[in-house]
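Undergrad: Chains as they are written, first to last, in this note's numbering: chain A, 1446 to 1527; chain B, 414 to 746.
Rather than coming from a laboratory, the hints here were simulated on the basis of the structure.
Fair warning: there could be bad hints in the mix.
List of simulated lysine to aspartate or glutamate pairs, EDC-like, C-alpha gap at most 16 Å [to be verified]:
no.: 1; chain 1: A; residue 1: Lys1510; chain 2: B; residue 2: Glu635
no.: 2; chain 1: A; residue 1: Lys1513; chain 2: A; residue 2: Asp1481
no.: 3; chain 1: A; residue 1: Lys1503; chain 2: A; residue 2: Asp1517
no.: 4; chain 1: B; residue 1: Lys686; chain 2: B; residue 2: Asp656
no.: 5; chain 1: B; residue 1: Lys520; chain 2: B; residue 2: Glu480
no.: 6; chain 1: A; residue 1: Lys1503; chain 2: B; residue 2: Glu646
no.: 7; chain 1: B; residue 1: Lys686; chain 2: A; residue 2: Glu1463
no.: 8; chain 1: A; residue 1: Lys1510; chain 2: A; residue 2: Asp1480
no.: 9; chain 1: B; residue 1: Lys652; chain 2: B; residue 2: Glu664
no.: 10; chain 1: A; residue 1: Lys1476; chain 2: A; residue 2: Glu1451
no.: 11; chain 1: B; residue 1: Lys683; chain 2: A; residue 2: Glu1463
no.: 12; chain 1: B; residue 1: Lys686; chain 2: B; residue 2: Glu664
no.: 13; chain 1: B; residue 1: Lys686; chain 2: B; residue 2: Asp666
no.: 14; chain 1: B; residue 1: Lys608; chain 2: A; residue 2: Asp1507
no.: 15; chain 1: B; residue 1: Lys508; chain 2: B; residue 2: Asp567
no.: 16; chain 1: B; residue 1: Lys608; chain 2: A; residue 2: Asp1506
no.: 17; chain 1: B; residue 1: Lys525; chain 2: B; residue 2: Glu555
no.: 18; chain 1: A; residue 1: Lys1524; chain 2: A; residue 2: Glu1451
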Amino acid sequence: MAATQEEIVAGLAEIVNEIAGIPVEDVELDKSFTDDLDVDSLSMVEVVVAAEERFDVKIPDDDVKDLKTVGDATNYILKNQG
Amino acid sequence: MSKIKPSKGAPYARILGVGGYRPTRVVPNEVILETIDSSDEWIRSRSGIETRHWANDEETVAAMSVEASGKAIADAGITAQQIGAVVVSTVSHFKQTPAVATEIADKLGTNKAAAFDISAGCAGFGYGLTLAKGMVVEGSAEYVLVIGVERLSDLTDLEDRATAFLFGDGAGAVVVGPSKEPGIGPTVWGSEGDKSETIKQTVPWTDYRDGEVAKFPAITQEGQAVFRWAVFEMAKVAKEALDAAGLTSAELDVFIPHQANERIIDSMVKTLKLPESVTVARDVRTTGNTSAASIPLAMERLLATGEAKSGDTALVIGFGAGLVYAATVVTLP
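Looking at chain A on its own, in the form it has when it is part of the complex (with noise of 0.2 Å):
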């Protein structure tokens, strides 16, 4: 069944608390992954990996770049997901 947009969040705080160590609770839609969470480009690279495998959804490297804030991310999995 697929992810709901508040699932997906906080699929993603664990996902970036995991890499990045970032507080889970600081993981929001409005949060830039590079300005807010301190995810640099090869982090987010892990990131999007492992977001791929846990809400089954394939993010090309080319889409990755346009992924800039949490709620991007999010919109991006509940648009693709399988």
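Add chain B to chain A, keeping to what the hints say.
TA: Below, chain B alone, put in the same frame as chain A:
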């Protein structure tokens, strides 16, 4: 049909000796920062690199190779006359004809050893090792010298903030020879030419010659795409090589991935779930990315510092421009 007598090789092959050469000039991040807008902290956090070596005019591809090979031959306890073939992997030797391997074979004092160059980017060492194993077991050479050598400083765009800090120069060599026990496992290797754009030389030499571009060609890469492929796809290849050798990660002593970037190494170790007992090569910190030379250089350093010892079981994996890759399990010399 006449019957052809087959050659007679050794039952198995193994690495008998390793040697390395690092250029005398040590280049800290501060020097890189003269041409790019970045910081020491940024470079370290994105790559783990603190210093790298850059070759001077005398430290040519051939000269560095001869130094590294001399050490490998001595380490193997053989003489140069016993070397039957010399395989050199490089992408940064700018005189392509004749192959630089012939000059190296001559300068080492081999007895007319077969000598040739191969081009397999950062997987070049694994490709050369696989050829060497085949030659020893098949019988066309008793001892084979495999050299990975690069002067990547010649192919670095010092104004490209994504790669200026990445590359280094050096040579690493191993002697592969006969063994009663298997010392080099099955190779898992391949190419993905559909991803050729992710790591490449910017333009052909002829474009520069013809004045179509003002800048000398350099190696460029798409960082995120390479990172994803290197970590997640190459972890699968590394696991396949381990499986092919009939081993589990618990039976592994050492992991020597191509020293591309410490972040790739960290992430691969995590993805492979390697036990803490496995020693991981992190030569990239002080050597940078030396492409085909990185695995033998890292191997030599681990043995020299005592972090690894002779007889240890090591998983080696090279991956890079092509894209190409090669992974195998070896017994350390």
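Undergrad: With reference to the structure, classify each hint as holding or not holding.
TA: Against the structure, the hints:
1. A:Lys1510 to B:Glu635: Holds: A:Lys1510 and B:Glu635 sit about 12 Å apart, inside 16 Å.
2. A:Lys1513 to A:Asp1481: Satisfied, since the Cα-Cα distance of roughly 10 Å is no more than 16 Å.
3. A:Lys1503 to A:Asp1517: 15 Å, holds
4. B:Lys686 to B:Asp656: 14 Å, holds
5. B:Lys520 to B:Glu480: 10 Å, holds
6. A:Lys1503 to B:Glu646: Holds, at roughly 15 Å.
7. B:Lys686 to A:Glu1463: Given that 16 Å is the threshold and the Cα spacing comes to 15 Å, the pair holds.
8. A:Lys1510 to A:Asp1480: 14 Å, holds
9. B:Lys652 to B:Glu664: 13 Å, holds
10. A:Lys1476 to A:Glu1451: OK: A:Lys1476 and A:Glu1451 at ~15 Å, within 16 Å.
11. B:Lys683 to A:Glu1463: 12 Å, holds
12. B:Lys686 to B:Glu664: Measuring from Cα to Cα gives roughly 13 Å; hence the hint holds.
13. B:Lys686 to B:Asp666: Status holds; Cα separation ~14 Å.
14. B:Lys608 to A:Asp1507: Since the Cα atoms of B:Lys608 and A:Asp1507 sit roughly 13 Å apart, the hinted pair holds (cutoff 16 Å).
15. B:Lys508 to B:Asp567: 13 Å, holds
16. B:Lys608 to A:Asp1506: OK: B:Lys608 and A:Asp1506 at ~12 Å, within 16 Å.
17. B:Lys525 to B:Glu555: Between B:Lys525 and B:Glu555 the Cα gap is close to 14 Å, so the pair holds against 16 Å.
18. A:Lys1524 to A:Glu1451: It holds: about 14 Å lies between the C-alpha atoms, which stays within 16 Å.
Hint violations for this structure: none, all hints satisfied.
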